[in-house]
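Build the full structure now, drawing on both the sequences and the hints.
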Amino acid sequence: MVGAMSVLAVRLYHVQVVRSADYEGRQRRQSVRRVLLPSPRGRILDRHGACLADNQPNYCLGVFIEELRRAGPWSRTIDSVEDELTRLSFQIGLPRSCSRQTIASHVQRRLPLPLLAWDHLDERQLARFAESLDPFPGVDIHVQPERHYPRGALAAHVLGYVGRERPDADAEEGAYHYVLMGMIGRAGVEKQYDERLEGEPGGQLILVDAAGYKRGLLGGRPARPGRDLTLTLDAGLQAIVERGLKTQCGAAVVMDPRNGDVLALASAPAFDPNTFSPAPSAMVWKSLISDPARPLFNRATQGRYAPGSAFKPVVALGALTDPRFHASDSYDCTGAYELRPRPIHCAHHAVHGAVDLRRALEVSCNTYFCNLGARVGYTPIQAMAVLMGFGERTGIDLPAETAGLLPDEAWKIRNHGDVWRMGDTCLVCIGQGSLLVSPLQMAVATAAIANGGRILRPRLTHDDDTGETVRTLTWPAPALACVRAGLEDVVQSGTGRRVGGAGVTAAGKTGTAEYTAAGRVRKHAWMVAYAPVEAPTVVMAIVIEDAESGGVTAAPIVKTIL
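Residue 241 in numbering that gives the first Met the number 0 sits at position 242 of the sequence shown, with consecutive numbering throughout.
Hints may be right or wrong, so weigh each one.
Mimicking DSS-like on lysine-lysine, the simulated pairs with C-alpha atoms at most 25 Å apart in a straight line are [said to hold, decoys possible]:
1) K213 x K285
2) K285 x K245
3) K522 x K245
With beta-carbon atoms standing in for the labels, derived distance ranges [what the hints assert, rightly or not]:
4) T536 x S280: 18 to 28 Å
5) M421 x H47: 46 to 56 Å
6) R46 x G451: 22 to 32 Å
Hints in this document: simulated from the structure, not taken from any laboratory. From a predicted model like this one, the values you see are computed outputs, not experimental measurements. Beta carbons: idealized from backbone N, C-alpha and C, even for Gly.
As structure tokens, then:
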């Protein structure tokens, strides 16, 4: 017996003293669970500090399973949780949202974490829980952060929306046993600047017993909040622009031609990004994706439209680079340009008589620009369109921007198996045919005319006041002056005269682009403009789908914004 006790004493000394640290480490590794905690997301502000996207608390009731555990099989503990939820449901006046299967799944997979039985509780429901006379020892209020857009649908296509996603853990931190879902950008600047807004996730260590129940907290690392993001948008102006679009389908872009700041960017119809936080219901998602008006589609940056006569200033600048053409050259408009198999008419079959370039811009004479294209050819016009940014993305800091389409002979042969013809040139000269542009591209091109030739990269955030110049075009001063004068005449007495009375001198160009859908001829209404003409500080491009004309539909919106 003495020998046996001696052996036992030696072994106990070996376990508890010699290898104490080793066994303690094993025990800690087996009883500690690592939890990844999401970080609070940074806010999004407008240029004046108005909050456009923030975080708000989502009040939940969490059930702590370890306080409701019962001896014996797991089913007894699940029964205990169900009984507690039934009592709690009666107390707060809400039906149970957790089924027995949900409870069992949580017990098997996430036992140390609280079971969130109800979420999005209002003040009345929280008060009924807090003032209950019957104790609920295994239940407490649990708060989850959620994205909130205090102005609803305002600037929805710029802001985008977020979704629930697993945070990215640092590889050096090792594997996590449990992950609490965080928020990740899915669209708009929420996606474009997700890394900046997201911050750094934190970690929590939980001590569990042999059965897996939580016994306590061992500390951890707090999550680091994301940084705030200040946009170039003006929330007040954005609201005015969106009201101008009303219930129509269309888009509008308002820019500063001095530095590329996007002051407003709207697409209609829009959506409320709050419905995506934390996730849209099946009914809401189905209604959004089945809506023929496509409210999730950002028409300002992703829409591809024929620009109509709004493209004529680009054509004029391209033609003025050809020595064979002069702005003073006149053309006798008879109302139609004879082209086989179908002549091209001026709008409303108007007959303008003798017109030069300035007059042709003012009255938007189609036959003049067809003659101009036939005279100089497509090469200088295409070259100018390329220099002004058509056929390529502008580089705005938003995802999924379109490059539009600037057709040429190679494109036509590849897609239609035919060579480039004079009719193709004439159609591009009046902004029709296969030419497709986005409202943002039209705003950038108009800004170049307003600022004297600087092609700017549009931006929604900025670090300085100068902006980024993609390229600088050197137009002859008389050529630029002639085009600018024609655009002023458009507003003063031409097709854009409904802009008059805005209280500021403005210049611009209307456009009405025809297209065929379901066997019917329909129209998109355009207007591009800048103001004041003496020293432009704002440019805009507006398109309205299925409208009457640029002068009738788009020009009044320009006036409202100005």
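Verification of the supplied hints:
1. At most 25 Å may separate the alpha-carbon atoms for a hinted pair to count; K213 and K285 exceed this at roughly 41 Å.
2. Simply put, K285 and K245 have alpha-carbon atoms about 23 Å apart, close enough for the 25 Å limit, and the pair holds.
3. Between K522 and K245 the alpha-carbon distance is near 18 Å, which keeps this suggested pair within the 25 Å criterion.
4. Restraint check, T536 to S280: a C-beta distance of roughly 44 Å breaks the suggested window 18 to 28 Å.
5. The hint said 46 to 56 Å for the Cβ distance between M421 and H47, and at roughly 52 Å that hint holds.
6. For R46 and G451, the hinted distance range of 22 to 32 Å is satisfied, since their beta carbons lie about 25 Å from each other.
Hint check: violations occur at hints 1, 4; the rest are consistent with the structure.
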